[in-house]
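Asker: Those sequence lines, one after another, are chains A and B.
In this text, residue positions in the first sequence follow numbering that gives the first Met the number 0: the first is 0, and each later residue adds one.
In this text, residue positions in the second sequence follow numbering that gives the first Met the number 0: the first is 0, and each later residue adds one.
Check before you lean on any hint, since a few could be wrong.
Listed next, the stretches of chain B that the computed footprint assigns to chain A, with coverage defined by at least 3 CB atoms under 8 angstroms from CB atoms of chain A [unchecked claim]:
1. 43–52
2. 59–71
3. 155–169
4. 172–182
When the alpha-carbon atoms are kept at most 35 angstroms apart in a straight line, the in silico DSBU-like pairs for lysine-lysine are as follows [claimed, not checked]:
5. K249/B to K33/A
6. K243/B to K103/B
7. K197/B to K260/A
8. K339/A to K159/B
It is worth saying that the hints were derived from the structure and are not from the lab.
Where is the CB? At the ideal position from N, CA and C, for every residue including glycine.
Okay, here's what each chain looks like letter by letter:
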Amino acid sequence: MPHPHPIELLRFNTCGSVDDGKSTLIGRLLYDSKNLMEDQIEALERSADITGGGQINLANLTDGLRAEREQGITIDVAYRYFATPRRKFIVADTPGHVQYTRNMVTGASTANLSIVLVDARQGVIEQSRRHTYLAALLGIPHIVIAVNKMDLVGWSEERFLEIRDEFEKFLPRLDTLRDVKFIPMSALNGDNVVDPSKHTPWYQGPALLGHLETVHIASDWNMSAFRFPVQWVNRPNNPTDQNLHDFRGLSGQIAGGLVRKGQPVIVLPSGLRSSIKEIWTHQSAVEEAFCPQSVTLCLEHDVDVSRGDMIVGFENLPGMGSDLQARVCWMHQRPLQPGKKYFLKHSTQTVQAVITSLESRINISTFEPEPHPPELTINDIGVIRIKTAKPLVFDGYNTNRLTGSFILIEQGTNATVAAGMLTAPGAAVKLDDNDFAI
Amino acid sequence: MNSYHLDHLQYLETEAIHVMREVAAEFERPVLLFSGGKDSICLLRLAEKAFLPSDLPMPFLNIETGHEFPELLEFRDRRAAQLGAKLLVRTVDDAIAKGLAMPKPGVVSRNQLQTPALLGAIEEFHFDCCIGGARRDEEKARAKERFFSFRDGFGQWDPKNQRPEIWNLYNARVNQGENMRVFPLSNWTEMDVWEYIKREQLEVPNIYFSHTRDCFRRGGQWTPLPPDHTDTTKPDPYAGARPKPNEPIKKLVVRVRTIADMISTGMIESPAESVDDIIAEIAAARVTERGTRADDRASEAAMEDRKKAGYF
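If we strip away everything but chain A, and leave its shape as in the complex, we get:
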């Protein structure tokens, strides 16, 4: 049925170590919220017959590749989609093996919420700390600590509180985390997943799905400073239609704030000034647009603008520079080495970059920086300094995920080797009074 009111979209990811039951949890969410279809259940039953035991293995729903089913592990991020009358959900099921941590970063980079699974028998292990740290690093606003397999510890409230205490010892040090919720559950049996459990009378909070449906997703988008990375220059060049012949639009996705018709803007890095003449969506001009809409802007003046430029408002100016500091998550077998050149893709531009120094590696157990390691290896997180061949127009990652993030690409192989989060600029870009003001 058509929806009488807008349906919100919540993106979340699940993480935990091997056998914490991530895939089982997603299977349970889909199964109990009636989002599984008969042929999917039949396929599950068929594979259950083959693997023996006869019991339906809910993890087979997300473990889509043959090697995964054979080894009973999850290799890559699997995306799942389900809906309740209140919300639509995109789920990234991210693997827990150490060597696949890069996939957790992939799945978590677009999430509103992370579910960190913990085996109630084991409590907090290094993976739990690593995943919670990564969620904080990636700026995910909401975390759920799912204390799973509670049935195997006799539904003990004492054990649940012990684990919560273990987390609360280190959570205050992850200062970007604002909202952390603990839920005792058994994904295998469905307790506190969709339906509240009768085994946890001591737990007053919602079941997981109820929480996912109601958690307030304060917009992830930065609405305070207009940022428009120019993605594609729209020039019809139509010789027969004079209007089209003169049309010169700048297409892109608004990466922050709002833009209004008539608003004065600056093109960076050139510093050229103009104002917004028209804002186009499909076939119609609008008065204003906001992040993360995809639009086409026309400027009042015919200034030189191309892909990779950033159009910004006069308030809350971004930083601009080619000597940058960033935290990176290293994602490739070949380690990061200071002095090596990479391609750096930031918003809509790709530039050459060289890593000028490796300042520290973060010890995931203590969250402490270890100064000047020789290299960063796969799944390491470190702080680097980087020099780019052209200046970047950027914000700190904690201010704006879209203008504060980048990836590093290895030259030659084109492998994506790192996810980077920029440190806030020391100062906003200085506008020269003598800039060419049209």
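Fit chain B to the given chain A structure using the hints.
Answerer: Just chain B now, kept in the frame of chain A:
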């Protein structure tokens, strides 16, 4: 919820438009795979939104198996002409004639033969990127696919070694001979597609709506009766795909939920006559969309195996 808020379809739309513009900006010779099916119909609207008033900066490509629903071909050609797009068609027959594809003895379906035909077209036109309408919710192996899915010089997908895809920063770099498959609808569900078709008032081929058709039962589904074999100077393209004596023909009120070709598509019995009816039907559906496609049910890993070989 303030007024500066996107609902789920607007969110999916802005994400997909962003992806399409990245393709236009980063690739030299992209192509959009347009079959006339519901997913690629959405792709076309997104392309219009991404690029108008400029002409679409890429041609359309369709690989025909030779078993297409005529209604679909008529719609495909008309829609491409409306948009002023260049439509390229390559066929499995051509690929067989050129020795690129080799039919397996006894196998009537040409689904798998589309792979060499597609790879042949990529090589012929030097395409470095193909935009497709695949969605992650369709199938388990697709659920692991990236927006920008890298293919090596043989067109192969390596699921264990995919490039991590972080934020909205897509790594579009390929070397000579390699190419990218890009899926702007990755995050869309079947329901999202129909809701978008409704919101945008998009025309779809009439075989999506209920109609009367001769069908026969095979492989647990209603298979459409192929057209008569009239040109007897050539071998029957539907040899082996015609009903056997123990497969009686029935006149049914049916529609398609997903379209492959006439051999691989199961018709579903349905009274749905409008997009609203279809949305209501999907909301109440008890089997997935691909449950009606014989090609996916071949084995638990059917899709994974085809994708590794370069299938779309």
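Asker: Evaluate each hint against the coordinates.
Answerer: Comparing the hints with the structure gives:
1. 43–52: holds (count 6)
2. 59–71: violated (count 0)
3. 155–169: Satisfied; 10 residues make the cut.
4. 172–182: Satisfied; 3 residues make the cut.
5. K249/B to K33/A: The given pair, whose Cα atoms are some 34 angstroms apart, holds under the 35 angstroms limit.
6. K243/B to K103/B: 21 angstroms, holds
7. K197/B to K260/A: Cα-Cα ~30 angstroms, so holds.
8. K339/A to K159/B: 26 angstroms, holds
Of the numbered hints given earlier, the model fails hint 2 alone.
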